[in-house]
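Number of protein chains: 2
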Amino acid sequence: MSNSQAHFLDLFFHPRSVAVVGASRNPQTANYHLVANLVNLKFPGKVYPVNPNAKEIMGLKAYPDVRSIEGDIDLAVISVPANLTLDIVRDCVAKKVKGITITAGGFSETGTAGRSVQDEILRLLRPNGIRAIGPNALSPINTRNNFIVGFMPIQKLPQGKLSLIFQSGLYEPRLQWLVSDYHLYFSKLVDLGNKMDVTEVDALEYLAQDPETGVIAIHTESIAGDARKFLQLLQKTTGEKPVIILKSGRTPAGAKAASSHTGAIIRASDAVFDAAVRQSGAIRVAGLDDFFDLAKVFEYLPLMKKNRIALATLSGGEGVLTTDYCQLNGLALAELTPETKQRLHAIFPPWDIPVNPLDTGVCTQFTAGIDVHIAFLQAMADDPNVDGIAMSLPVSRLLQAEELAKSTGELIKRGKAVVTWPIDPAEARGAIAHLEANRIPVYPSAERAIRALAALYRYHKMREAMS
Amino acid sequence: MSNSQAHFLDLFFHPRSVAVVGASRNPQTANYHLVANLVNLKFPGKVYPVNPNAKEIMGLKAYPDVRSIEGDIDLAVISVPANLTLDIVRDCVAKKVKGITITAGGFSETGTAGRSVQDEILRLLRPNGIRAIGPNALSPINTRNNFIVGFMPIQKLPQGKLSLIFQSGLYEPRLQWLVSDYHLYFSKLVDLGNKMDVTEVDALEYLAQDPETGVIAIHTESIAGDARKFLQLLQKTTGEKPVIILKSGRTPAGAKAASSHTGAIIRASDAVFDAAVRQSGAIRVAGLDDFFDLAKVFEYLPLMKKNRIALATLSGGEGVLTTDYCQLNGLALAELTPETKQRLHAIFPPWDIPVNPLDTGVCTQFTAGIDVHIAFLQAMADDPNVDGIAMSLPVSRLLQAEELAKSTGELIKRGKAVVTWPIDPAEARGAIAHLEANRIPVYPSAERAIRALAALYRYHKMREAMS
Chain G
164 MSNSQAHFLD LFFHPRSVAV VGASRNPQTA NYHLVANLVN LKFPGKVYPV NPNAKEIMGL
224 KAYPDVRSIE GDIDLAVISV PANLTLDIVR DCVAKKVKGI TITAGGFSET GTAGRSVQDE
284 ILRLLRPNGI RAIGPNALSP INTRNNFIVG FMPIQKLPQG KLSLIFQSGL YEPRLQWLVS
344 DYHLYFSKLV DLGNKMDVTE VDALEYLAQD PETGVIAIHT ESIAGDARKF LQLLQKTTGE
404 KPVIILKSGR TPAGAKAASS HTGAIIRASD AVFDAAVRQS GAIRVAGLDD FFDLAKVFEY
464 LPLMKKNRIA LATLSGGEGV LTTDYCQLNG LALAELTPET KQRLHAIFPP WDIPVNPLDT
524 GVCTQFTAGI DVHIAFLQAM ADDPNVDGIA MSLPVSRLLQ AEELAKSTGE LIKRGKAVVT
584 WPIDPAEARG AIAHLEANRI PVYPSAERAI RALAALYRYH KMREAMS
Chain Y
164 MSNSQAHFLD LFFHPRSVAV VGASRNPQTA NYHLVANLVN LKFPGKVYPV NPNAKEIMGL
224 KAYPDVRSIE GDIDLAVISV PANLTLDIVR DCVAKKVKGI TITAGGFSET GTAGRSVQDE
284 ILRLLRPNGI RAIGPNALSP INTRNNFIVG FMPIQKLPQG KLSLIFQSGL YEPRLQWLVS
344 DYHLYFSKLV DLGNKMDVTE VDALEYLAQD PETGVIAIHT ESIAGDARKF LQLLQKTTGE
404 KPVIILKSGR TPAGAKAASS HTGAIIRASD AVFDAAVRQS GAIRVAGLDD FFDLAKVFEY
464 LPLMKKNRIA LATLSGGEGV LTTDYCQLNG LALAELTPET KQRLHAIFPP WDIPVNPLDT
524 GVCTQFTAGI DVHIAFLQAM ADDPNVDGIA MSLPVSRLLQ AEELAKSTGE LIKRGKAVVT
584 WPIDPAEARG AIAHLEANRI PVYPSAERAI RALAALYRYH KMREAMS
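Chains G and Y are the protein sequences, given in the same order.
Positions 164 to 630 (this note's numbering) are the ones given, in order, by the first sequence.
Positions 164 to 630 (this note's numbering) are the ones given, in order, by the second sequence.
Note that these hints are calculated values from the structure, not bench results.
Quick caveat, the model's predicted, so the values are computed rather than measured.
Some hints could be false.
When the alpha-carbon atoms are kept at most 27 Å apart in a straight line, the in silico DSSO-like pairs for lysine-lysine are as follows [what the hints assert, rightly or not]:
#	chain 1	residue 1	chain 2	residue 2
1	Y	K469	Y	K324
2	Y	K419	G	K468
3	G	K469	Y	K419
4	G	K419	Y	K468
5	G	K419	Y	K469
6	G	K259	G	K224
7	Y	K504	G	K419
Excised from the complex, chain G in its bound form (with noise of 0.2 Å):
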């Protein structure tokens, strides 16, 4: 961190010293991956194995209790069953650990007995000073040092700007995927579990002041912290960096699941967090896909400043049903500029005129496929009438990857954002994985390349509005 006076949660992301309490020597087992992902990631910090029937995990020294290791620790990793939990956050107390992230469910979720457990430990740390996150929280990560704290094993973790918050481990069984084959690049995530210390509202401090941090997603059932404040940072954050929220619980079956999930009460009803957020200027999304889609879309392209857009389709029915998804989401079709249409016959077969949206399938019967594509991209670099750019991939055998990764990757360096989807997802994996190492968006259908593209304008607007 640049700042002098750096955050507390800093501990968490950057911690010198983590002692990892029911580190398992079993590659079966969940807690086996909480050290083995440290080591096979190679992060740069202490890790301290705490297991009493181990000498050693993973080649690292094992402790019998926290309290026996040697050197200081920033962070201690408690990963045991709840009713073993309390003993060792006085283990913690004792050895001056300067925060805890619990990620056993059992407390307040369940119960009062759970609750006054959850109680007890908080009043253990909060007189020493000790922040925690969770229980029931698996976090957090950090791409730049690798730190991570999971139960699954992760390959990589490939850098980028976008952020999470997580209430729950909605994320966690995802996490190899969403890096892997959904290629979504992560700064940092941190899931807050029951958030019975560490809430949103510190989340969000932490990472609107985050130089590594360009996108915000949230997760969240309700807003455990200082509602108001919330929305005062969230209304300060959406003027620099895109937030999302995904708030769960919105309807009275749902909340009444999620009471029985964290223990969180919901003290305001949906339509009051739904009219604040909206005015927070953050981006409200109703469900997972569309969350996931706009975080991408965010951290790959840049903003829309107009709303006009080419398409190109490779049959006539889907450039209509593009075309109806761009103006029911607020997009507008562009007017090419004569000099555009003019390039664009040189690929178009005689009888017919190039329009927007552009049949691809028709100029594919008199040009090779992919120079089709690569004349439309260029051609849409150079028209000032154009903003964004919708198309779907040429079918596999004419889909090369590196030839539309270049001339895309042109047209985003020009200030234009351009959203892809191909028309056969199976065989098109090894183009996306090309096309989307590049940071050109492939979704997996016109509707859901459309809403993301959507948002880049959306976001635009209201931080026009809001200035």
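With chain G held as given, fit chain Y onto it using these hints.
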């Protein structure tokens, strides 16, 4: 067909002899696959390739023109550029073919000149009683006899009861993916193109009485035939078979794009169309994702007579989110019987009590992952308060697809609907294929699974209200 009076479209789905005009020997061209698909899939009828420059194509004797073919011809597939089509049609009239289908574009959708050629074709066909699909159409397909008109290589056509009506080539480039990866099971597909003769009224009429069609999905940009008759037919059909409709060109921009796509004039406002469709009992969807998702759910599963859903999700957070999706889609959480809760207790950790939504992640700390899911499915099969089940699949290393398929199959046999989704769609690919081979639908996400599930109940309720 069992009817004594066969519908005129029967010829198009069961031709005894087919002339393929424009057949190509070059595997790099679309026209190669017109014949290759018929040969590879062992279409039992006679196939006559027509190509003046070839003696033989795919082992079949080729003919210089339609007139030189010795035998009778039920259907001529005309796949030559628009400007050559008229001459071929004259040959077909002379040869007394019974029906034709025209693949080329370049007709009414390109303006006055193209429209007048199209009109001329009609003037030739009508007095001779020759019916025509297209132009600008790639169809039909019948999975029962492997008759297919298609430009892309198709490996197999698994049989099912889903029939599609399309206005344009929107589905054709997706066919391989729809069959092999998305696992739709088709009966018949028909792409109507410019609808110069055969319209959606004819196609719907045919599929409504087709015993091999149980679900109908229609994509259209405008109703070309008698709109009143179409709506009457729709209303009659939805009493027996679910009909899904995707009408594009619903926005002004989309309607404009549609008119330059197939040359159709959009006669009624979208709001009028929408109201009429709703009244008919058909299910209108807004995009292609829903279109295929709902087609799948009706093809795979029994209807739901009530809306009481049991959820099992990998995390509490996922449960809350999925509960929201349920309520937003008109589904309620089932009140499990005491017996069911008793049974579920056996797989639960002692501190927790089974609730709906069930957190399988909590269970798997104490019971092997797959056992949790099997026990859940078996208990739900027996619970009289449960009409439908939505379940996130276990993580890949615990995903024993065969056991899951067996328990889920039992459940479906007992008239209950079940939808699932994977946490990591990439790793679960093999399991998804196995489950869907057994007609257990696996959607890409919880929201899509729930939207599909809800359609099963909504359609039942509509049909009950209308009867």
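Comparing the hints with the structure gives:
1. At roughly 24 Å between alpha-carbon atoms, K469 of chain Y and K324 of chain Y fall within 27 Å of each other, so this suggested pair holds.
2. Proximity of K419 of chain Y to K468 of chain G is assessed by CA-CA distance (about 25 Å); at most 27 Å being required, the pair is judged to hold.
3. For the given pair, K469 of chain G sits about 22 Å from K419 of chain Y by alpha-carbon distance, which is consistent with the 27 Å threshold.
4. Distance check on the hinted pair: K419 of chain G and K468 of chain Y sit about 25 Å apart at the alpha-carbon level, within 27 Å; holds.
5. With a C-alpha separation of about 22 Å, the suggested pairing of K419 of chain G with K469 of chain Y holds against the 27 Å cut-off.
6. Distance restraint check for K259 of chain G and K224 of chain G: the Cα-Cα separation of roughly 21 Å lies within the 27 Å cut-off, and the hinted pair is therefore satisfied.
7. For the proposed pair K504 of chain Y and K419 of chain G, the alpha carbon gap of about 18 Å is at most 27 Å, so the pair holds.
Of the numbered hints stated above, none is contradicted by the structure.
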